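A.B. asks: These are the residues of each chain, in order.
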Amino acid sequence: MSKNRHPLIALLLALPLALSACAGGGNSGSQDAYAPQPQTLQIYSSQHVNVTKALAEGFTAKTGIKTQVRDGEDASMGHMIVKEGDASPADVFLTENSPAMTVVERAGRLAPVQPATLAQAREGLAPSSGLWTPIAARSTVLVYNKDKISEADLPKSMMDLADPKWAGKWGAAPGGADFQAIVAGMLAERGEQQTRSWLEALTKNAKVYNNNIATMKAVNAGEVPVGIMYHYYWYRDQAGDKQGSANTALHFFGGGDPGAFVSLSAGGVLASSDMPEQAQQFLAYVTGPEGQRVMVDSGSMEYAIGKGVPSDPALPPLDSLQAPAVDASRLNSDDVISLMTDVGIL
Amino acid sequence: MSASSRPRGVALAAALVAALTVLPLLVILPSAVSVGAESAAAYLLRPRVGQLLAHTGMLVVVTVPASIIIGVLAAWLVERTALPWAGLWRTLLLAPLAVPAFVSAYAWVTVAPWLTGFTGAALVTTLSYYPFVFLPAAAMLRTLDPGDEEAARSLGLSPTAAVVRTVLPRLRPALSGGALLVTLHLLAEFGVLQMMRFQTLTTAIMQQYAVGFSDAAGSLLASVLLTLCLLALVLELLARGRRRVSKIGLGAQRRAVPVALGPWTAPALFFLAVLVVLALVVPLGTVGRWLARADIAGDLASGLVQVTLSTLGLALLGALAATAAALPGAWLLNRHRSGLTLLLERVTFLGSALPGVVVGLALVTLAVTWARPVYQTVALVIMAYAILFVPRAMVSLRAGLAASPPELSEASRSLGQGGTATLVRVVLPLMAPSVLTGFVLVALAVGTELTATLLLAPTGVDTLALAFWRAASELDYAGAAPYAAMMIALSVPLTLLLRRQILEER
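Those protein sequences? They're chains P and W, same order as listed. Position 308, counted from 1, in the first sequence is what numbering that gives the first Met the number 0 calls 307; the numbers after and before it change by one each time, with no gaps. Position 276, counted from 1, in the second sequence is what numbering that gives the first Met the number 0 calls 275; the numbers after and before it change by one each time, with no gaps.
Worth flagging that the hints you see were computed from the coordinates, not collected in a lab. Watch out, some of these pointers could steer you wrong.
Stated by the list, open to error - Stretches of chain P that chain W covers, calculated by requiring three or more beta carbons in the stretch to come under 8 Å of a beta carbon on chain W:
1) 64-71
2) 83-91
3) 97-105
4) 198-210
What the hints assert, rightly or not - In silico contact screen, one side only, chain P against chain W (beta carbon under 8 Å); selected entries:
5) G57
6) S75
7) M79
8) A238
9) G239
10) K241
11) N246
12) A248
13) L249
Claimed, not checked - In silico contact screen, one side only, chain P against chain W (beta carbon under 7 Å); selected entries:
14) Q113
15) K164
16) G167
17) G174
Model, not experiment: these values are computed from the prediction. Each residue gets a CB set at the ideal place from its N, CA and C atoms; glycine is no exception.
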């Protein structure tokens, strides 16, 4: 009589075994394996997948050190690393925007970057703390539809978009880390009062899109005359089939305006890394001439930050953008997020 | 004899499964409470949360009735009228189930870019979800004995009154069940709403995860969502009613005489044609159009095959886990029904009300805080699938067990067969079709699951839904098309299976 239940129980008992067997089967050999593998550099990255992949492959080709990439989003991944604490599988963290890195930095989870690596970046970009290094840069721009608005009618400053006359006429993706980095720049430079009222105006005036590409395509389609985004989506589309940007042009605010904010993509080594040497080697590669060229050649259209490495010739030079002078160490995405929560955007 | 001792092991297993199902609640609620009443109130009592609730409510208020009306009308036309080509319509009307809702949204966004916000969200969800009502309503109408309706007519009721008094009460469980399914799907929906830029609680939880990982704010929003789901469950129990609507005994059942449509034939055909065009032709046509522009060779090189295989792998593991998890409960309910087993069943069914985003968030929080060894592993994502899809497997397993009554096992034993031989030669062959159906249903659900997978996929694991979502979020429609097509192709068996269910239901 008790035999009857054995198959059931056996099936249940066998389940974890079956699971681990299958997971194990996926593990063997391939780089895209499931669980973190020993002796494989764990790269947590919220950078664009293609760029990270190109960098990781280039690094492995050069050094023979195997890598695994975990893909995520800026703030989420920063908080993830903090929450994982000492047991975090991550060895290296690459971000799209530096505020995600300062989340990790403030939690004391970063090991200092080797001075030689820091020295590979252009002067004046690296954070004062020396705990992480820029790996790329991107500029805030205003994208506008050439048929809907003339260049002369464009706002002089990004702050002007708070004016009621712009109601319903501009688009942005405030849910994304890119936009939150721009706001972090504004907060550091203009203070809470101005930033808050600008954000309040955003909730009334702006059309909200899911990301920069959606914003750009909406401007291209004439849904809104102008939109706030980063430069490289536009240059990438222009280099391709121009389907999302043919009717548009870019306006660089310049003059130290919050709308001329240049955001740094950051790279850092985790203090808890069990492969610190290889992790430092990876950062040295990424910021060095080879890695920077890999990034430029990937067609990401982000600015190279390495000394003597030219960015894509289609881009206006990084030095010509007249970005506001903000110490990247002072950018605080948590403050931005609580401000945006207060205002009701999040 | 040992009838009471026999199920103890199974009962323990069933209790473990039930505990697994309520695990997300046990993680989310304390995490939400941990912030303290004051900050919780400050966070929740904001205009923004009110707006999210209003959006969620608006969607439920429009999509649920629309799905019911469309689903019931279509079911009645197909099953009870002299509609031309009824068999073909039956298949076509079920077919939208093979198109994941977020793929349908992607199609609509490219066909009608102006159709965003509430209108687009309500349209796409209705077109994707009406089959949840159509399926049970069609199965019910098909087998409903026309005797009562005819008796009502003979007693002087008008045709309409006869339908209202005899048919509608019988449809009530099918309708309330269908409405519940639609509601729960709406509460859990992420892909469609994100694509339509219509923010609800679920999209807000994903957003909160993007800025704060597994923080308390996410848990607070998830608790609100959970409350809504439980509310829907309770409302359905009330709406279902306690009146007995089935006959005792099968009797001499016959098919109803189809209602002649007469001059209504053309409008009826037009209605169904429009429905099929909107729900099926638009998504399939759009995917096909983008597919023609897609760089298939490039996609193959960049891992379309590998992504498909890993999706299949996860789907099979998820189906295996959900089926195994459903087995003890189904067995008990079938063989040792008691108050306790009923409770276990209800608890397990809670899983069907848990949105993927809540299960995902709960398991991330659980693993990163307390169960680090399973953090970022396949085991964890499979566990999420098991929690989410146990009810689907359970329904089919119970049908299978019912097809293999204990008397047959006893007869087999009395003829000298041992327990194992009985299982292999009698029970399993009888159960197999239903078990397989449940297995396939779960596998298909896993194959197109998006939200929990977004939160839980281990490093390096990619699925069709994730790859589709990545491309579609960047509005790379051609890049997304091969993954969409693959998901649809894999889901085709679902339609065929469910069609059989209508035809066989008694």
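A.B. asks: Against the earlier hints, flag every one the structure doesn't satisfy and list their numbers going up.
C.D. replies: 3, 5, 8, 9, 10, 11, 12, 13, 14, 15, 16
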